[in-house]
Amino acid sequence: MYRKSLAYPYLIWAAIFIAAPLLLIVYFSFFKDGVFTLHNYQKFLEDYYIEALIRSIHLAFVSTVICLVMAYPLAMILSSRQMTNKEIILLLVVLPMWMNSLLRTYAWASLLENNGVINSILNALNVPKVQFLYGNGAVIFGMVYNFFPFMVLPIYNVLCKIDRSLVEASYDLGANKITTFRRVILPLSMPGVITGMIMVFMPALTTFLITRLLGGGKVILIGNIIEEQFTRTRDMGFGSAVSMILMLIVLGTLSFMSKKDSLDKGGGLF
Amino acid sequence: MTDKTIEKDYIIDLKNICKSFDDTYVLNGISMYIRRNEFLTLLGPSGCGKTTLLRIIGGFEQPSGGEVYFEGENIASLPPYKRKINTVFQKYALFPHMNVEENIAFGLHIKKLDKKLIRKKVSEILELVDLQGFEKRSVDSLSGGQQQRIAIARALVNEPEVLLLDEPLGALDLKLRKGMQLELKKIQQKIGITFIYVTHDQEEALTMSDTIAIMHEGKIQQIGTPVDIYNEPKNAFVADFIGESNILSGMMLRDYLVEFQGVVFPCVDRGFGENTPVDVVVRPEDVQLVSEKEGMLSGRVESVTFKGVHYEMMIRTDAFVWTVHSTLMSKVGEITGMVIQPEDIHIMKRR
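Quick mapping for you: the protein sequence lines, in order, are chains B and U.
In this text, residue positions in the first sequence follow my numbering: the first is 8, and each later residue adds one.
In this text, residue positions in the second sequence follow my numbering: the first is -13, and each later residue adds one.
The shape of chain B in the complex, shown without the other chains (with noise of 0.2 Å):
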């Protein structure tokens, strides 16, 4: 209690940079020169950004699946008693955050331009040129690349957690190994799994950065068209309301997954 003077300065930070821009986007979304207005979200409604938020939403979930797909059994094998040199694994899972993540994009993009690297190798190997670059798939595998670590922490973390006397448990009771898995390793590691999924999805659904260096323009995001209006076209009100709409589906997904999550009683990151 009478330590709370030492979060004032923190306090101060988020009113300034979080509160205060948060309420300059909700006015600048309502207000067209000081006049209420809903044209800006009206404007939503056209196809070209419907198009592009349910784009955002399939690229996001398909890398999100991925990432788990992959994730789930590496967090298993790192997590499981026989693993030695388990530190390594995870060092190499660890290592790229590192860096900076536009680094690492910008690395991918030259690597795998029409002229880049790989290209340049395959052409040695008189191996036609691959298209790598500028679609749907490079996108994707952007986000996975990028978001894989945020998937297999949680996941290891709380498979780590299990208690080993209740796998035990369920072998006494009669159940093999799949069982076992289905009955109690998969919902007990359940909160990790949704932990992963929301910092996989989130990050994934707002990028503009990957689509930008690995979809080369061609692929638009809905983190594109907000990037737009505030650096190109300079329709401020029509970029707030388009982050406001994209607030609130990311809201509400953490609101949904969260409930979730607490039906499964674990402890997860909301």
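Hints in this document: simulated from the structure, not taken from any laboratory.
The calculated SDA-like cross-link candidates involving lysine to any residue, where the alpha carbons are at most 25 Å apart (straight line), are:
1) U:K101 / B:N183
2) B:K184 / U:L40
3) U:K122 / B:D170
4) U:K77 / B:P194
5) B:K168 / U:P65
6) B:K168 / U:S129
7) U:K70 / B:L173
8) U:K68 / B:E175
9) U:K97 / B:E175
10) U:K77 / U:H202
11) U:K97 / B:L173
12) U:K122 / B:S265
13) U:K102 / B:R189
14) U:K107 / B:T186
15) B:K266 / U:K122
16) U:K101 / B:L193
17) U:K77 / B:M197
18) U:K171 / U:S32
19) B:K266 / U:N85
Remember, predicted model here, so these are calculated numbers, not experimental data.
Let chain B serve as the given structure and place chain U on it in line with the hints.
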């Protein structure tokens, strides 16, 4: 032929079980059998290998050597889910994402029993452990004692031939533990299956068991009924571990005659040879206090502690401090005589 008929009575037969982790031996040649419908306790100090032995019977550890026979069949390499054995774990290991009914029905669902039958069995077993109507409760909302009963119910509902219990009462308070001891014994007699119980609490073992196996340093020191083990400990470790004891070094002069503390005592043991060094064990309650003149030994009372039913006195003789339990109180500083009856002197081979 007679051997065969006896063996039919064995449900579990362990042959020369060894287990080593890295280079240290945890179990060192354990051979024993467990009879049908018996309440057997593996008793020993922590680190003696009793839990490892239980885990080998349950299938959670593979022995490094030896055979585990279950109803005449070697099951040493069979995984736990293929054994007709169920376990009550030390910390209960109830599934936190399931309610009481789902926990208990876990094994029955795997056997794909009819839903109605499952519900009936669950309510019957809850009645057995005295928790009727707890089906829909969450596991977290139960007290330690209640969780314990659910863990027992979850194991028993599968109608195993053998129930393994790994220090199941360790986390309960003293009063609850006493109550559960009697209850467990009652349950075992009622359903008539084999219980193998691991504990380090000698009183618990004496109260509940038909047979006690005392373990120390990966070996079985003695197997017998509680009364036998208490009255006729085979060696000084057993004597010390089961109840309090005065353990002295002595010399077996010849059959029925032993010398210790510079005094020759008649005893009832024989077959040690002549002038053999031995360990002598005398229980504190077997020392009778008499006046100094009448005593075979005499010593000074060093301390007196009231223990409820009796007084515990420390009595110093020339080279030894005796622990004596008596309902008569002596005063500190008093010189008192001690008498020990021949049948109360237990002679053991020097270890």
